[in-house]
Amino acid sequence: MTENPVPQWPVADFDTIRRLHVIAATAPGAARIGETVLDAPFERVWSVAQDLERTMPLWIPDIRTVRLIDPEPTGAPFRARIHGHTRLRATFDIDLAPGWCLMQSRLVLGGMAARPETDRTTRFAFLGGLRFPGARLLAPALRPFTGNPLERFAALLDEE
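FYI, the numbering for the sequence shown is 1072 to 1231, going by the numbering used here.
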């Protein structure tokens, strides 16, 4: 009796940047995604990016404060309360892991992803969006008020 060989199934394994692009393409309100290559190693970039309470208000224009509800995230999703300069006041569920952060509240979706490009550079991506019908149509009108978060993050990284 001969054994049937196990079929080789195709594998689609995405890095964090590609995962963020998939979410941007499939989430109805994910209107803004961009990426850049930063002149800093991954460890330095991610240490600044994952310090949500301290650094997010410095590079995302509408965020005034971020307060972690579960100050000791253990790899499982946790929550944060975010207040903006406008009327944004929301509790976000956050999935944070090395090179990956996805945040969502009832009305807002945000994310960032990073991966080493070389040993001295890092590819970094940012996603922002609103979570309600028609949100993609509003994105162009809101863009002048949000600035370019990637440029602001790169400037913050230079200051650190």
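Don't take every hint at face value.
If you anchor each label on the Cβ, the simulated ranges turn out as follows [unchecked claim]: (1) 1168 to 1192: 30 to 36 Å; (2) 1229 to 1096: 17 to 23 Å; (3) 1226 to 1084: 31 to 37 Å; (4) 1230 to 1080: 42 to 48 Å; (5) 1160 to 1112: 31 to 37 Å.
Just so you know, the hints here were simulated from the structure itself, not pulled from any lab data. No residue lacks a Cβ here, since even glycine has one placed at the ideal position from N, Cα and C.
Legend entry - Pairwise beta carbon distance, residue 1168 to residue 1192, judged against the given window 30 to 36 Å: violated, 21 Å
Inset, instruction - Could you see if the CB distance from residue 1229 to residue 1096 stays within 17 to 23 Å? - result: violated, 31 Å
Legend entry - Distance restraint hint 31 to 37 Å, applied to the beta-carbon atoms of residue 1160 and residue 1112: holds, 36 Å
Inset, instruction - Note whether the CB distance of residue 1226 and residue 1084 lies within 31 to 37 Å or breaks it. - result: Once the Cβ atoms are compared, 33 Å apart, the range 31 to 37 Å for residue 1084 and residue 1226 holds.
Legend entry - Distance restraint evaluation - residue 1230, residue 1080, Cβ atoms, bounds 42 to 48 Å: 47 Å Cβ-Cβ, so the 42 to 48 Å window holds.
Consistency note: the structure conflicts with the earlier hints numbered 1, 2.
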